[in-house]
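Chains as they are written, first to last, in this note's numbering: chain S, 1 to 509; chain P, 1 to 162.
Fair warning: there could be bad hints in the mix.
As the list claims (entries may be wrong) - These stretches of chain S come out as covered by chain P in the derived footprint (C-beta under 8 Å, 3 or more residues): (1) 300-308; (2) 421-430; (3) 471-477.
Hints were generated in silico from the structure; no laboratory data involved. Here a beta-carbon is modelled for each residue, glycine too, at the ideal position from N, C-alpha and C.
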Amino acid sequence: MTPPFRRLLVANRGEIAVRIFRTCRELGIETVAVYSDADADALHVRLADQAVRLGPSPATESYLRADAIVEAATASGAEAVHPGYGFLSEQSSFGAAVEAAGLVFVGPAPQTLASLGDKLEARATATAAGVPIVPGMFDPLPAGDDSSVARIEELAAGIGYPLLIKAAAGGGGRGMRRVDDPADLAAAVTAAARESEQAFGDGSVYLERLVEGGRHIEVQLLGDSVGNVVALGERDCSTQRRHQKLVEEAPAPGLTQAQREELHGLAVKVARQVGLRNAATAEFLYATDGSFYFLEVNARLQVEHGVTELVTGLDLVREQLLIAAGERLSPAVLGAAERAATPDRHAIELRISAEDPARDFMPAPGLVTRWREPAGPGVRMDSGLEQGWQVPGDYDPMLSKVLAVGPDRETVLARARRAVDEFETGGVQTTLPFHAWLLTHPEFTQGRLRTDMVARDWDPEPLRAAAAERAADAVARHIAGVEATPAGGPEPVGPCAHPAHGWKPEPWA
Amino acid sequence: MGMSDHRGHYRMRVAGAGDEAFHRDPAEVGPPQGRPPEVRVLAQTADDRAAGIQRYETSVEGWVFEVAVEDEPRALLREKAGQGAERGGPKGSDVIKAQIPGRVVRLWVEEGDTVEAGQRLLAIEAMKMENEVRAPHAGTVESIAVEPGSSVELRDELLRLA
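Go ahead and model the full structure; you've got the sequences and the hints to work with.
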């Protein structure tokens, strides 16, 4: 096969840059990495054919500099730019700048990104396509001055409590507030608008009814440039904390074939309405009464795309590149779409981040002194690092993704548990303990997922305390082993036998 | 309670697990539940070496722990000697002070000797263990305040390095 492009630049870092380079290499596409000073020695840089420095470590001076990235692409002779996820991936101005430089942007058309990036516009689009949305507003709230408070309270009363304040430009839970009591409304609106202004440069917020106890289910979409759009199955992303996904799986446990067909159909309707080209994901809320409400479209490759790949057998990055090169949806994609409501495999993804799950998932950057990944049957690792890597504090703390696949959910959970157990890390705390706990949580293992489960049930202290006892035992056992080593034997380590210690022990009876 | 009762016992502090110390007798720790966790010996800092502390790293169920270990007699001795004895060697200082109370059992240098950094100066015996005091930097032994057999208390002056 002729490669769709001769050379491609990935405007991203970490595991997703590595992931995209892998497909490029399989397709015979030369690869160009970009990097900040913090990433000069990063895995994604070393796996690329060439690498271009963007600037200092802060993202605003490196990975968010559209001008520098387009210049790097032009200078390196790249024909196409893949944005990955996050950073500039959904900024229509970046896609437009790439196209203006005569290069191919691997993603939806800039005008599609612009219309989907605004959640209010996306709500209007879904409604126009006949897709249900969570009851709420279509326009931003008036600015929160005294004269508008009465109007905001009136709008809120019309929607009903509890409700959510959301940022029109939002994502990742920023600019989002839950309000249970009308008395808290005005202050929450002000806070959400301020947070949204800081995060997105746009303080527009709106109100939506809070659907409690629901699940977050999303649909993978692919579209080509002649208007074909298909759904490639759904992913359940309900295991979250503060609206940040921790675990995703496909298919969503417990849905019937009819429900899957309904959900996939809704997603395709929204995608057709915006003329989707390339890859995107439509997110839905699955309420306890069985109804689906459209939330938003993420017009990019998702972090969790791998679970869909494992279930469908597709390489979504490959399909993205072929579509970007002007090809129609491949027979493999059309075949996978036909089987999307009757999946015969199950897959799960665990996000491994440099965060301390005992301290409210606080970022824990630092030197990775030990890193041995799991492998073996049904396990896939997507990682952006190796042992000895200094995790920078400048970016998202996600390091790696553990994916497991198998014929059914039970097999997959066993594989995931085995993979977590096999994973050996040191130097930085990761979210592995959370996953070890989740994979034995009764509700989770029974497939009863809820977006509020982690907030309700995650109680790290007893788990950590028990593990600390076992750690002390392990060290004591290690010392006993060293003490039992005959004089002149191997490895003189341990506090009693280490020559560096500078003191000599008596022979202890 | 005699200190000799603690022979072979270790006191461990597990980073982040609060102030509580874990006490372990390696001879009495049973077999692990399942696969034994990997234990890595961490490089010793000068302060830890002076304080007789060795650190290890291990992970259990994904929790990453740094475990600081000292033997129980020494820990008790340190406690007896008061707070603050654990850290802060004499590095950079010209007055070399006792980091542990005990009895001077050896003296390897004389006044006027030139010494290199890390060279052995003297040894203090405490709890029947010899604690070697080494030169924190190169220099000349200006004066010696002790002789073999001298009893020293924590932070007593041992010698001066010029």
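Verification of the supplied hints:
no., hint, result
1, 300-308, "violated (count 0)"
2, 421-430, "holds (count 9)"
3, 471-477, "holds (count 7)"
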